[in-house]
Amino acid sequence: MTTAKADSLHRTEVAERVRNFCIIAHIDHGKTTLSDRLLERTRLAGGRDFEDQALDAMDLERERGITIRMHPVTINYVARDGRSYQLNLIDTPGHVDFAYEVSRSLAACEGAILIIDAAQGIEAQTLANYHLALEHDLTIIPVINKIDLPAADPERVMGEVEELLVIEKSDCILASAKNGIGVDDILEAIVSRIPPPAGHADRLRGLVFNAQFDAYRGVVSYVRVVDGRLRAGTRFMSMAHQRVYECTEVGIFSPQMQATEQLDMGSVGYAIANVKSLGDIDVGDTITEANHPAHVPLPGYRKAVPMVYCGLYPNEGAAYDDLRDALEKLKLNDAALVYEPESSVALGFGFRCGFLGLLHMEIVQERLERNYALDLIATSPSVVFRVTKTDGDVQIVDNPSKLPAGNLIRLIEEPYVKATIMTPPDYVGSIMEITQSRRGTLGNMEYLHDGRVILTYEMPLVEVIVDFFDQLKSRTKGYASLDYDMVGYREGDLVKLEILLNGEPVDALSFIVARERAAHRGRILTEKLKELIPRQMFEVPIQAAIGGKIVARETVSAIRKNVLAKCYGGDITRKRKLLEKQKVGKARMKRVGRVDLPQEAFMAVLRLED
Amino acid sequence: MLGIYVHLPFCPYICPYCDFAKWPHRRSAARRYLDALGREVEAAPAAQAASIFLGGGTPNTYEASEIGALVERLRARFAAGDGAEISVEINPELVGAGDLPIYAGAGVNRLSIGVQSFDPAEIRTLGRRHTPAQVAGVVAAARRAGIRSVSLDLIFAVPGQSPASWRASLIAACELGVDHVSAYGLTVEEGTRYARWREREPTAFFNDDREADLYETALEVLEAAGFEQYEISNFAKPGHRSSHNANYWENGEYFGFGVGAASYRDGERSVHTRDLEAYLRAASADEAIPGTSERLEGAALAGEAVMLALRTAQGVSFAAFKDRYGLDFISFYRPILGRLVEDGLLDIGAAGARLTKRGRFVANDVCGAFVTFAP
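Protein chains in written order, with the numbering used here: chain E, 1429 to 2038; chain F, 41 to 415.
The set of hints was computed from the structure by calculation and includes no laboratory data.
All C-beta atoms, glycine included, are put in the ideal place defined by N, C-alpha and C.
Some hints could be false.
[Claimed, not checked] Just a few of them, taken from the derived set where beta-carbon distance is under 10 Å, the chain E residues facing chain F: (1) Gly1610; (2) Asn1990; (3) Arg2004; (4) Gln2010.
If we strip away everything but chain E, and leave its shape as in the complex, we get (with noise of 0.2 Å):
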């Protein structure tokens, strides 16, 4: 740390009866329910409260089984030293999405309490997860969890550990969060293997490794407090925005926020400073006090950067004001999201979105349909290309619609990432058709003692994207798992395929694509939409164009016959009413040009299968 100098003046204190810890694991091999069991050992919560309330507040979130929105808890535990201990659990997002603000809630901690499926072994995510905890110099706990399956293997699973995380057997233990069994152990080694926090006493620093919107109270900033203290009536200051506040509420989480004098060094806490919007303070700040600033920020401060764009659009043109007043509402309880208003000539008005991925994407939208009834129509989610023109100008590219001429490109960069993949060995021949297909280079190659595989590659952020995952869980029959991590910009031959219909470009169609795959892409978009798009009163060619040059044509034949022969024996209403629903399901699509378009017709694009 660069403040290690700057700070040695200042006496070091240790938080003696303080452990700030973190859980992470892959997904389902039970982190909520260990998060449950901690609690409820320590009597703080009942099982079902906790689950509704504490960490997982949204359906979303659960339904996925993962958590997206982060609530520490502050837990008091007495040992078996017979003393009592302030533990904090901050709780960490499980998707790559989410990297950064995971980044951020262990900065915040000193240990971590790896939990691994004691029949799956350990996924790339697990592993993932693991070396971003050393990073952070963090202090890892390993439970072997579901130790009461069936297929349960605990020293199979604690060969791993000691192949892959290199940690020695005797240091995992074996648990059943859903039993209760090992929590006690957990909870002691929490104690005693977790090092105390430690820090100056003077000057605040807190780092703020989450912030929430509250329609009431403006945002509530979630703080490790690592030097100094932090009370109310504090005046402090964003080291990220360089703005003052005043704090009028500081407290823990017991799981509800419960208000305290002040949050002394290595504790963890909301603040609470009448701060209006989720711009003005944000993950990774640093707040200090105003009047007695720290020399400098705490480390790892990044402003969040969207990573994958996609236009939305209500299906009816009148609920723009509606759909705009919604992303307003979101953005506040969402500092990723990013938006901007863009028109379309297919789909008329509406905004460009910025995600954190996919899953972020699918979130938004999710909510945005769910919580606001709004009915969307996404176009296919692009990357962020990076344009150089011939002019030496540099474009950065988030809509393909907004690709320049292909005369006027010197070269497009795209992103690339690192994925992981671990895999038994009978998909390796599969998964290298797969990434090969997808402009994947393999790195790395690694045989696990128990027989699994290794994989690493770089690959294109777009293909990543695009069905990827799913592929690659049919492909392996579920078996084979995935992480990926940002690497940076790298060239491509990259061209733009367009989708007509009925003659006419359809710009919410079109997307970037390597020129090796885009005949390829095309024919099977334009089959794929063929099936999608349902016969109209005349008949519609698809055609996928690159460049002007069509590459695959299908056509939609034309209705030949709708119509009710019969009349009911004057039953008029029953005929009405048959008719009304017809034309309600057509209501439902998106007239484009004078071809109806079933919403499925816009995310087509995602589901390429090869």
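Using the hints provided, position chain F relative to the given structure of chain E.
Only chain F this time, still in chain E's reference frame:
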């Protein structure tokens, strides 16, 4: 103009595609039903009817004398004179030798014969039990009895039907010299045995393309034989259009009697319950028949009228439309007319609008646009 519809729901056997209110014939139930029906008819307001239609079910599961008596009673009750159209639906195999003179004597002047097909295999598939020869016999008997108009019902897109067998059925109908043909595309209704069959074996059924070919054949053969298509499914020799059905399409009023029957009276559409026992109980006790009803207004009322009128060859008359609904057709529907005309589905003339030939094939789409139109 007022039409009277009477539903006679009993059948000697149940056809697997039928979705009307119907029950297997039982003598005792049929008698109770006739009594209940009589009470319901007596309870109706006095009115003068221009047409009476006995539909089913299979009306001629009743004895000819019962039908005759019912028709006479209805004619008297609703002042239906000699000019009124009096139709009865019949199954050919149930017609006895002396039946039709009794019908004619009671005033029946139009017969609608449930033929469906002249192909023995298709007749079996449809679950029907007549022979082509019986149909010919009934047509001849109707002529002898002096019944003015004879109509046949035919169904196309029957599983197993071929373009050739359909054409043959159409030709057979024409050769019998009937005055009117109703050619219905098979509609598979939920809850029927056909619906379950289609569930198991969807490929046995026609898709829209193949069905369109059969419809095309019907237009061609029937027009060549001197029939005019005056509605989507109905074809008549000059002077033989069904005025009872025309009244539906003109959005005229009608009283429906019997279980499941529909009425349109004083601007209200209502449908009686399809629960036979509930109907019998209510009608026998002179109580209101349970059922559902609705009253349309404004754009919905006008849209429904357009839906009905567009089924006919003459289509919507702008003057009549303005007169009845107070709306200028062109300016009211302007937002949707352009596309319908552009797609070649609707012909707009100086005095009215009607479906093009193509429009008749996709009438649901055209009519759907009108019934859901809200300015």
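To see whether the hints hold, each was checked on the structure:
no., hint, in the structure
1, Gly1610, "52 Å, violated"
2, Asn1990, "4 Å, holds"
3, Arg2004, "5 Å, holds"
4, Gln2010, "5 Å, holds"
Hint 1 from the list above is the single one not met by this structure.
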